[in-house]
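**Q** One-letter residues, chain by chain:
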Amino acid sequence: MNVTIVDYNSGNISSVINSFKEVAKDKVNIEVTSDLNKIKNSDKVVLPGQGSFKSCIDALRKISGLVDTLNEFTINNKKPLLGICVGLQMFADIGYEETETKGLGWISGNVSKIDNQNGKYKLPHIGWNEINITKDSKIFKGIENKSHMYFVHSYEFVPEDKNVISATTDYSSNIVCSVEKENIFGTQFHPEKSDKFGLKIIDNFINL
Amino acid sequence: MLKNRIIPCLDVKNGRVVKGINFVDLQDAGDPVEQAKIYSDGGADEICFLDITASNENRDTIYDVVERTSKNCFVPLTVGGGVRCIEDINKLLNCGADKVSINTAAVQNSKVVEESSKKFGSQCIVVAIDAKKNGETWEIFTHGGRNATGINAIEFANKMENCGAGELLVTSMDKDGTQSGYDIELMKTISFNVNIPVIASGGVGTLDHLVEGIKSGASAVLAASIFHYGTFSVKEAKQYLASKDIPVRI
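Taken in order, these protein sequences are the chains called A and B.
Note that the first sequence covers residues 1 to 208 in this note's numbering.
Note that the second sequence covers residues 1 to 250 in this note's numbering.
Keep in mind that the hints are not guaranteed to be accurate.
What the hints assert, rightly or not - Far from chain A, by Cβ distances over 10 Å, these chain B residues were calculated:
#, residue
1, Leu2
2, Asn4
3, Asn14
4, Ala54
5, Gln123
6, Lys159
7, Thr231
What the hints assert, rightly or not - A few chain B residues that face chain A, going by a derived Cβ cut-off under 8 Å, partial list only:
#, residue
8, Asp45
9, Arg68
10, Ser70
11, Val75
12, Cys163
13, Glu167
14, Thr189
Stated by the list, open to error - Computed cross-link-like contacts, PhoX-like style, restricted to lysine-lysine with a CA-CA straight-line distance of at most 25 Å:
#, chain 1, residue 1, chain 2, residue 2
15, A, Lys200, B, Lys71
16, A, Lys120, B, Lys159
17, B, Lys119, A, Lys62
18, A, Lys25, A, Lys113
19, B, Lys159, A, Lys54
20, A, Lys27, A, Lys62
21, B, Lys244, A, Lys62
22, B, Lys71, A, Lys27
23, A, Lys113, A, Lys102
24, A, Lys79, A, Lys120
25, B, Lys111, A, Lys21
26, A, Lys200, A, Lys138
27, A, Lys200, B, Lys235
28, A, Lys146, B, Lys159
29, A, Lys54, B, Lys91
30, A, Lys135, A, Lys54
31, A, Lys21, B, Lys159
32, A, Lys200, A, Lys78
33, B, Lys37, A, Lys200
34, B, Lys244, A, Lys120
35, A, Lys38, A, Lys25
36, B, Lys37, A, Lys196
37, B, Lys235, A, Lys113
38, A, Lys54, B, Lys119
39, A, Lys141, A, Lys196
40, B, Lys244, A, Lys54
Hints were generated in silico from the structure; no laboratory data involved.
Glycine residues also receive a C-beta, built at the ideal position from the N, C-alpha and C atoms.
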């Protein structure tokens, strides 16, 4: 099996690569590339993302044909894709970080700044927070409700259809921190930095 | 609920762990990768490396340490010390650091913070502030605490927030190495004046000091010697904080 981590200059993806390689050992081939053919032919795709919504979308679009390839992989061929952090946020129709930016539009909704309640909550939301699992997600197999995951973000994904939400976390309000829609998976937290439970989520995705 | 973070810090020189008392009198002890792994297995919420390698020719040793650590530890890794420019940040991130802390370069040229937070995202840019009490306020120091700047620490903290820093790592020069507790007034004042998380540093000698640090408004507490010399394990520290009703990840 081939799992491809999309390398589109979205910032630092070393930790994502290290964690997937740690979990995959020799059983699964982990490819890190922006090569469209390799992405097309892989079994699963991981879409990381750091920095702003706009900078990640811009970086995706800068690689000619990449968005089309991802659309084909995910929407037409319905193969599993995992978005991490801004990788998840880009599923939305629109993001408001820096300036209004069109997203991939895979899951209807928008990405807006977390309400810090006049400074009551520090932003970014950095650190370990509990996840409230709201529906059975394949990537949560063996993960207990209220497990701690590592977060770093100031913006949140607000999907229109609440049925896609698989977990939330409490920070200022109930923030969506994981989604599952058919073959599309996403985590706002960083499984690659969430110690053994995070690695378990990665293992679950690899073994889908 | 978001948990308060406990961050053990390792001072690294020429690829080896040391801990300075008031930034001098270094004692060599241990392999940083091994030490980091012990910390992350013990429940450390993050690991911090402070590279204090003085000579340029040995500076590359930190990249190897970071690379090996990131393949063994799956919690966030912050690396600071000697970070001068965007290229240094890029290199550390590529080796597997999750955040980079910038001290002297941020004071000398705030554009480094502005540009790096735009390029890599605020989430990986930590500005380290070394502050010393001066009358009614605090003054920041650079070059590992050697050079006075005349710059007010509170004003500088605000400026760094505006430049895009994701977090501030605040060290009291008066307290560092004394094991007499954090400079609580400094932590309180800075936490109150910024809307980004503050990591309290410098002076931890007992577990109560960690409690005081969190109560001052810091989002995370950093300590080196109490963990490094085995006075307390990270696990013991977390259990103690939990017993004082401070939310931690256990």
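**Q** Each of the hints needs a verdict: does it hold here or not?
**A** Right, here's what the structure says about each hint:
Leu2 of chain B, annotated as away from the interface, has a beta carbon of chain A within 10 Å; the closest lies near 5 Å. The beta carbon of Asn4 of chain B sits about 8 Å from the closest Cβ of chain A, which is not more than 10 Å, so the claim that it is off the interface is violated. No beta-carbon of chain A comes within 10 Å of the beta-carbon of Asn14 of chain B; the shortest separation is about 23 Å. Under the 10 Å C-beta cut-off, the non-interface status given to Ala54 of chain B relative to chain A holds; the minimum distance is some 27 Å.
With 10 Å as the threshold on Cβ separation, the claim that Gln123 of chain B sits away from chain A is violated: the shortest Cβ distance comes to roughly 4 Å. At roughly 17 Å, the least C-beta separation between Lys159 of chain B and chain A is larger than 10 Å, which holds for a residue marked as non-interface. At the 10 Å boundary, the C-beta of Thr231 of chain B stays outside the reach of chain A, the nearest C-beta of that chain being 24 Å off. Evaluation of the Asp45 of chain B hint against chain A yields a held restraint, the C-beta minimum of about 6 Å falling below 8 Å.
Below 8 Å, beta-carbon pairs count as interface contacts, and Arg68 of chain B has none with chain A, the closest being about 11 Å; its hint is therefore violated. The restraint placing Ser70 of chain B at the interface with chain A holds, with a minimum CB-CB distance near 5 Å, inside the 8 Å limit. A distance limit of 8 Å between C-beta atoms decides the matter here; for Val75 of chain B the minimum to chain A is near 5 Å, and the interface restraint holds. With 8 Å as the threshold, the beta carbon of Cys163 of chain B stays out of range of chain A, its nearest partner Cβ sitting at about 15 Å, so the hint is violated.
Checking Glu167 of chain B against chain A by beta carbon gives a least distance of about 6 Å; that is within 8 Å, so the hint holds. Among the interface hints, the one on Thr189 of chain B is violated; its C-beta lies about 15 Å from the nearest C-beta in chain A, farther than the 8 Å criterion. Annotation: proposed proximity of Lys200 of chain A to Lys71 of chain B holds, straight-line Cα distance about 16 Å (limit 25 Å). Taken as a hint, the Lys120 of chain A and Lys159 of chain B pair is honoured in the structure, with Cα atoms around 20 Å apart against an allowance of 25 Å.
Pair hint Lys119 of chain B plus Lys62 of chain A holds up; C-alpha atoms about 15 Å apart against a cutoff of 25 Å. For the proposed pair Lys25 of chain A and Lys113 of chain A, the alpha carbon gap of about 38 Å is over 25 Å, so the pair is violated. For a cut-off of 25 Å, the pair hint linking Lys159 of chain B to Lys54 of chain A stands: about 24 Å separates their Cα positions. With a CA separation close to 33 Å, the supplied pair Lys27 of chain A and Lys62 of chain A exceeds the 25 Å bound.
A hinted pair counts as satisfied when its Cα atoms are at most 25 Å apart, and Lys244 of chain B with Lys62 of chain A does not qualify at roughly 51 Å. About 18 Å separates the Cα atoms of Lys71 of chain B and Lys27 of chain A, which keeps this hinted pair within 25 Å; it holds. For the hint pairing Lys113 of chain A with Lys102 of chain A, the CA-to-CA distance comes to about 16 Å; that is within 25 Å, so the pair holds. Simply put, Lys79 of chain A and Lys120 of chain A have alpha-carbon atoms about 41 Å apart, too far for the 25 Å limit, and the pair is violated.
For the hint linking Lys111 of chain B to Lys21 of chain A, the alpha-carbon distance of about 36 Å lies beyond 25 Å, and the restraint is violated. For the proposed pair Lys200 of chain A and Lys138 of chain A, the alpha carbon gap of about 11 Å is at most 25 Å, so the pair holds. Note on Lys200 of chain A and Lys235 of chain B: the hinted pairing holds, with a Cα-Cα distance of about 22 Å set against a maximum of 25 Å. Between the alpha carbons of Lys146 of chain A and Lys159 of chain B the distance comes to roughly 37 Å, so the proposed pair goes past 25 Å and is violated.
Between the alpha carbons of Lys54 of chain A and Lys91 of chain B the distance comes to roughly 24 Å, so the proposed pair stays at or under 25 Å and holds. Simply put, Lys135 of chain A and Lys54 of chain A have alpha-carbon atoms about 30 Å apart, too far for the 25 Å limit, and the pair is violated. Between Lys21 of chain A and Lys159 of chain B the CA atoms are separated by roughly 40 Å; this puts the pair beyond 25 Å, and the hint is violated. Simply put, Lys200 of chain A and Lys78 of chain A have alpha-carbon atoms about 23 Å apart, close enough for the 25 Å limit, and the pair holds.
Restraint check for Lys37 of chain B and Lys200 of chain A: the C-alpha separation of about 18 Å stays at or below 25 Å, so the hint holds. For the given pair, Lys244 of chain B sits about 22 Å from Lys120 of chain A by alpha-carbon distance, which is consistent with the 25 Å threshold. Straight-line distance between C-alpha atoms of Lys38 of chain A and Lys25 of chain A comes to about 20 Å, which keeps the hinted pair within the 25 Å bound. A distance of roughly 13 Å separates the Cα atoms of Lys37 of chain B and Lys196 of chain A; the hinted pair therefore holds under the 25 Å criterion.
Between Lys235 of chain B and Lys113 of chain A the CA atoms are separated by roughly 34 Å; this puts the pair beyond 25 Å, and the hint is violated. A threshold of 25 Å between alpha carbons decides the hint, and for Lys54 of chain A with Lys119 of chain B the separation of about 12 Å falls inside it, so the pair holds. The suggested pairing of Lys141 of chain A with Lys196 of chain A holds, with an alpha-carbon distance near 13 Å, which does not exceed 25 Å. This hinted pair does not check out: Lys244 of chain B and Lys54 of chain A have alpha carbons roughly 42 Å apart, beyond 25 Å.
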